[in-house]
Amino acid sequence: MRSSTVHHRRSLRLQGYDYSMAGAYFVTICTHDRACLFGDVTDGAMVLNDAGEMLSALWDGIAARFANVEIDQFVVMPNHLNGILVLPDIDDKGATVADKRATARVAPTSESVGAPLVGALIQHVRLVDIVGAFKSLATVRYIEGVKSHGWPEFRGRFWQRNYYEHVIRDERSLDRIRRYIDENPVRWDLDEENPRNARP
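Under my numbering, the first residue of the sequence shown carries the number 78, and numbering increases by one thereafter.
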């Protein structure tokens, strides 16, 4: 197994975000039944297995799949992922408010394949869409790992149906949540997601 560190990103400037539409979010996504599928905590450090490495790479790749979405700090734990996502503020023409362009960005439609680039305006991306896409792709990749590499099978669903989200409203909250993510492996014995701490 390979040792993993908490993933860090650049400092964010959150002032001025319209949090009714965009902003920074702290997200927790947990496996169904809190199944520990992604590795182990050893001596206060998270050690990812191959499934954990897959999950980390998928989360880190969100920014490549969703335009202008930023990945901040995150950590993959034995049965969940904690991460900070920053969603852009998009105006009604499909441009980011922070970086408006004269020409609106477009996304190709099925009718435009093989034709000149004509498409629909890119609208505001929703957190639920990002998390839903991540959970779906991770499920598919994990099933492939079960079939091809003998990863442990899971019972019923791969993920819990819902996920936890929290709006980060200022730099003070951002720093506090980053510390929480940093310390998550060290505090695993006390973590409410740790199956050993499950209430009867």
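Hints listed in this document are in silico derivations from the structure and should not be mistaken for laboratory results.
From a predicted model like this one, the values you see are computed outputs, not experimental measurements.
The C-beta atom is built at its ideal place from N, Cα and C for all residues, glycine as well.
Some clues are possibly wrong.
What follows is a list of derived Cβ distance ranges for each label pair [to be verified]:
1) Ala-275 <-> Pro-229: 30 to 36 Å
2) Glu-221 <-> Asp-252: 35 to 41 Å
3) Arg-276 <-> His-226: 31 to 37 Å
4) Ala-144 <-> Gly-227: 15 to 21 Å
5) Arg-232 <-> Asp-117: 34 to 40 Å
6) Arg-142 <-> Ile-220: 34 to 40 Å
Checked hints:
{"no.": "1", "hint": "Ala-275 <-> Pro-229: 30 to 36 Å", "in the structure": "19 Å, violated"}
{"no.": "2", "hint": "Glu-221 <-> Asp-252: 35 to 41 Å", "in the structure": "38 Å, holds"}
{"no.": "3", "hint": "Arg-276 <-> His-226: 31 to 37 Å", "in the structure": "34 Å, holds"}
{"no.": "4", "hint": "Ala-144 <-> Gly-227: 15 to 21 Å", "in the structure": "37 Å, violated"}
{"no.": "5", "hint": "Arg-232 <-> Asp-117: 34 to 40 Å", "in the structure": "20 Å, violated"}
{"no.": "6", "hint": "Arg-142 <-> Ile-220: 34 to 40 Å", "in the structure": "20 Å, violated"}
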